[in-house]
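Position chain B relative to chain A; hints supplied.
Protein chains: 2
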Amino acid sequence: MMEMRKPIPVAEAISRVMEHVQPLRAESISLERSMGRILAEPIVARHSVPPFDRSPYDGFAFRAEDSEGASGDNRVPFTVIGEIGAGYVGEQPVGPYEAYRIMTGASIPEGADAVVMFEQTVETSEGFTIRKPFKTGENISYKGEDAAEGETLIESGTLIHAGTIALLATFGYAEVKVYRQPVVGVLSTGTELLDVSDALIPGKIRNSNGPMVKAQLARLGVPFQSYGTTSDDLDACTEVIKRALEETDALITTGGVSVGDYDHLPAIYERLGAKVLFNKVAMRPGSVTTVAVLRDKFLFGLSGNPSACFTGFELFARPALLSMMGSTSPYLPHLKARLAEDFTKPNPFTRFVRAVWQMTEIGVTAAPAGFNKSNAVSSIARGNCLIVLPSGTRGYSKGDEVDLLLIGAEQGVEEWVL
Amino acid sequence: MMEMRKPIPVAEAISRVMEHVQPLRAESISLERSMGRILAEPIVARHSVPPFDRSPYDGFAFRAEDSEGASGDNRVPFTVIGEIGAGYVGEQPVGPYEAYRIMTGASIPEGADAVVMFEQTVETSEGFTIRKPFKTGENISYKGEDAAEGETLIESGTLIHAGTIALLATFGYAEVKVYRQPVVGVLSTGTELLDVSDALIPGKIRNSNGPMVKAQLARLGVPFQSYGTTSDDLDACTEVIKRALEETDALITTGGVSVGDYDHLPAIYERLGAKVLFNKVAMRPGSVTTVAVLRDKFLFGLSGNPSACFTGFELFARPALLSMMGSTSPYLPHLKARLAEDFTKPNPFTRFVRAVWQMTEIGVTAAPAGFNKSNAVSSIARGNCLIVLPSGTRGYSKGDEVDLLLIGAEQGVEEWVL
Numbered sequence: 001m002m003e004m005r006k007p008i009p010v011a012e013a014i015s016r017v018m019e020h021v022q023p024l025r026a027e028s029i030s031l032e033r034s035m036g037r038i039l040a041e042p043i044v045a046r047h048s049v050p051p052f053d054r055s056p057y058d059g060f061a062f063r064a065e066d067s068e069g070a071s072g073d074n075r076v077p078f079t080v081i082g083e084i085g086a087g088y089v090g091e092q093p094v095g096p097y098e099a100y101r102i103m104t105g106a107s108i109p110e111g112a113d114a115v116v117m118f119e120q121t122v123e124t125s126e127g128f129t130i131r132k133p134f135k136t137g138e139n140i141s142y143k144g145e146d147a148a149e150g151e152t153l154i155e156s157g158t159l160i161h162a163g164t165i166a167l168l169a170t171f172g173y174a175e176v177k178v179y180r181q182p183v184v185g186v187l188s189t190g191t192e193l194l195d196v197s198d199a200l201i202p203g204k205i206r207n208s209n210g211p212m213v214k215a216q217l218a219r220l221g222v223p224f225q226s227y228g229t230t231s232d233d234l235d236a237c238t239e240v241i242k243r244a245l246e247e248t249d250a251l252i253t254t255g256g257v258s259v260g261d262y263d264h265l266p267a268i269y270e271r272l273g274a275k276v277l278f279n280k281v282a283m284r285p286g287s288v289t290t291v292a293v294l295r296d297k298f299l300f301g302l303s304g305n306p307s308a309c310f311t312g313f314e315l316f317a318r319p320a321l322l323s324m325m326g327s328t329s330p331y332l333p334h335l336k337a338r339l340a341e342d343f344t345k346p347n348p349f350t351r352f353v354r355a356v357w358q359m360t361e362i363g364v365t366a367a368p369a370g371f372n373k374s375n376a377v378s379s380i381a382r383g384n385c386l387i388v389l390p391s392g393t394r395g396y397s398k399g400d401e402v403d404l405l406l407i408g409a410e411q412g413v414e415e416w417v418l
Numbered sequence: 001m002m003e004m005r006k007p008i009p010v011a012e013a014i015s016r017v018m019e020h021v022q023p024l025r026a027e028s029i030s031l032e033r034s035m036g037r038i039l040a041e042p043i044v045a046r047h048s049v050p051p052f053d054r055s056p057y058d059g060f061a062f063r064a065e066d067s068e069g070a071s072g073d074n075r076v077p078f079t080v081i082g083e084i085g086a087g088y089v090g091e092q093p094v095g096p097y098e099a100y101r102i103m104t105g106a107s108i109p110e111g112a113d114a115v116v117m118f119e120q121t122v123e124t125s126e127g128f129t130i131r132k133p134f135k136t137g138e139n140i141s142y143k144g145e146d147a148a149e150g151e152t153l154i155e156s157g158t159l160i161h162a163g164t165i166a167l168l169a170t171f172g173y174a175e176v177k178v179y180r181q182p183v184v185g186v187l188s189t190g191t192e193l194l195d196v197s198d199a200l201i202p203g204k205i206r207n208s209n210g211p212m213v214k215a216q217l218a219r220l221g222v223p224f225q226s227y228g229t230t231s232d233d234l235d236a237c238t239e240v241i242k243r244a245l246e247e248t249d250a251l252i253t254t255g256g257v258s259v260g261d262y263d264h265l266p267a268i269y270e271r272l273g274a275k276v277l278f279n280k281v282a283m284r285p286g287s288v289t290t291v292a293v294l295r296d297k298f299l300f301g302l303s304g305n306p307s308a309c310f311t312g313f314e315l316f317a318r319p320a321l322l323s324m325m326g327s328t329s330p331y332l333p334h335l336k337a338r339l340a341e342d343f344t345k346p347n348p349f350t351r352f353v354r355a356v357w358q359m360t361e362i363g364v365t366a367a368p369a370g371f372n373k374s375n376a377v378s379s380i381a382r383g384n385c386l387i388v389l390p391s392g393t394r395g396y397s398k399g400d401e402v403d404l405l406l407i408g409a410e411q412g413v414e415e416w417v418l
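Line by line, the protein sequences are chains A and B.
Per my numbering, the first sequence runs over residues 1 to 418.
Per my numbering, the second sequence runs over residues 1 to 418.
Extracted from the complex, chain A is given alone in its bound form (with noise of 0.2 Å):
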């Protein structure tokens, strides 16, 4: 007897997912190995910014109130009594008439409150002359006015990428706290499977799911351990999921999921007292998605088929393992586009193409990296985007609006939106 599964809509699978997120711990790291890493502390400004009054500019340094009455047809002249590079301090005040060369990035001297670029300055032997008068204050970056002392600048849950390892190093975050990343098992299971380096033989393919998960966990800075493949034997299966289960945070297996007679997910979770979150999905590709957890470990069920794999992988596992690592934006940004071709077939599912995006003359378009089915193969490896057709009744036409989701964003969202 077929067993009758029950899909449910995208929306309600992910939220199942989320819902049984248990965040990883804090650990300190040095901050040349934090990016791609979640912050688990806020970047608080450990001291003004800037940290003095400073020069924007090459120039001098002097007292505004002697510029007083400055003009073209009254230069006035100003002595420079010394010279600060940026790193450097003025070692005497400024007095009346007085001024320092000041390099960009400087301490402003003592006694001084403007400062002139070189551009506005005649020089003279003694030093130069300007012809305007200087308000107090000005040209000079004051302490303080980019960030105060004991401001919260980033909160914790952000992704650490190359702007905020500016921001950490600025403030001497030499360790900075993160949350631990999950190690996730990968297995591919099917008797069909052969290795990348095995020779074709009649019946078998090579197995690409592995592979393929294994870089979508790097492109998260997620590490894995590799269980490589098991046939469709139902002990043998369980035996290796068990272990895997006992060695990582949370396991990804390819293929088993659907209802043949060597389709032994479904066994195995009930034999691990799995709680199955969900077995059906109302989508195409990946309708067998299958996520189960056991005590606070996900199982994530994907796929045997290749396209349904990644689909599955970008839409449960990559949310679940951010929202696991602290990020509080852990879905795929979103982005509406003109579909560049038709798409006639209707779809009793919600339909994730894999396509391209680009910024073109009349907008945004998506162009499908595979509807002929002449490119199914190759639409794997094309496309910075999946185009989400809803389910209905009728095809879709060139020049419709219809939703994308990116690939391969370094940043996501915070919400899931479709």
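The hints are simulated quantities; they were obtained by calculation from the structure and are not laboratory data.
Every residue, glycine too, gets a C-beta built ideally from N, C-alpha and C.
Wrong hints could be hidden among the right ones.
[To be verified] Okay, derived cross-link-like pairs now, DSS-like style, lysine-lysine, Cα gap no bigger than 27 Å in a straight line:
hint : chain 1 : residue 1 : chain 2 : residue 2
1    : B       : Lys345    : A       : Lys132
2    : B       : Lys398    : A       : Lys336
3    : A       : Lys345    : B       : Lys135
4    : B       : Lys143    : A       : Lys345
5    : A       : Lys135    : B       : Lys345
[Stated by the list, open to error] Covered stretches of chain B (chain A as the covering partner; in silico rule of three or more C-beta atoms under 8 Å from a C-beta of chain A):
hint : region
6    : 10-20
7    : 110-116
8    : 153-165
9    : 182-195
10   : 270-279
What follows is chain B alone, placed relative to chain A:
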């Protein structure tokens, strides 16, 4: 006497850089290490896909001709002579009114030319019955229908991402030919620079550009060699740069490219005999960004201002390095958006503003991460794009359409469009 520099447009500066790119050699690496690299060979279908006629469903494989005349009132019975799981082949040919039980992905047995899904059959003691006639080829995925042997599926010069890895694995590319990566030297110049772990002292700031540039390189998968920081000493700085040029394929320096007394990079380029491609770009921040070449090596002289440094890297170093690595899509992706805030200050130079883009009900909007002065520091750690505001005599208003360059996207685009 002040040196007068002539600013050139951003597009012209990019074009001067790209004209000097010398592509690196190719090398072979293992598939597991290929994520993020650029293909130096096309991906060719080394065999047909599917590699054999196969079943797209769990069901029974039989001879279509035997189903002739089947109907609800005249169910045609079949005898099951065996089972074929994925990875196996049928042992004997299928005769009249015989069938194999067959699983998704399994090889169609000799003699059979149609597949019926389990759901469309009624079980009997010897096998099953069907209630409709089948056509030859119904529910069979024919050998080669997705890709024909010898077909070029993905071009050389393409980024290897997770989907690409699936395709490479499918065709047994255990080794893949990719372009070498440049080793890039990173040197921060400035007497004012402290290390991230140093306590602040008067007049000094911590070096944030060095760690940031290394993170920007890491995002591209480019290995780097750090030369730390040097003070603004002409001879010492020249020596470090000479050594770096011997040890690396390209050098990124930060600071020292302006016209201050201690901005020594112009003098160093001259000493080395490097050809300066430009030393003034009509952009803010980063107008002093300088790029020089010495033989086949780039010297990227980025500004010491962190925002300018970041932007200079993304606009000039990034496409040059990706192009050295053979990428045919080295430019930041482009998107148009509505400005979410007024930007009233007119600019004589094109302005690049760190911002956050998002899809909203009124379309894509972009909100600057730091128009307000209080956000000046944190803006470097915020944002997923750069707003590009062309130079002009007026500011911009909320709702104006502006160009964006996306930051942190895995895949770039082929053309610089702005």
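Tested hints:
1. Lys345/B to Lys132/A: holds (23 Å)
2. Lys398/B to Lys336/A: Measuring from Cα to Cα gives roughly 21 Å; hence the hint holds.
3. Lys345/A to Lys135/B: Given pair Lys345/A, Lys135/B holds - Cα atoms ~21 Å apart, limit 27 Å.
4. Lys143/B to Lys345/A: Cα-Cα ~24 Å, so holds.
5. Lys135/A to Lys345/B: holds (21 Å)
6. 10-20: violated (count 0)
7. 110-116: violated (count 0)
8. 153-165: holds (count 8)
9. 182-195: holds (count 4)
10. 270-279: Check failed, 0 qualifying residues.
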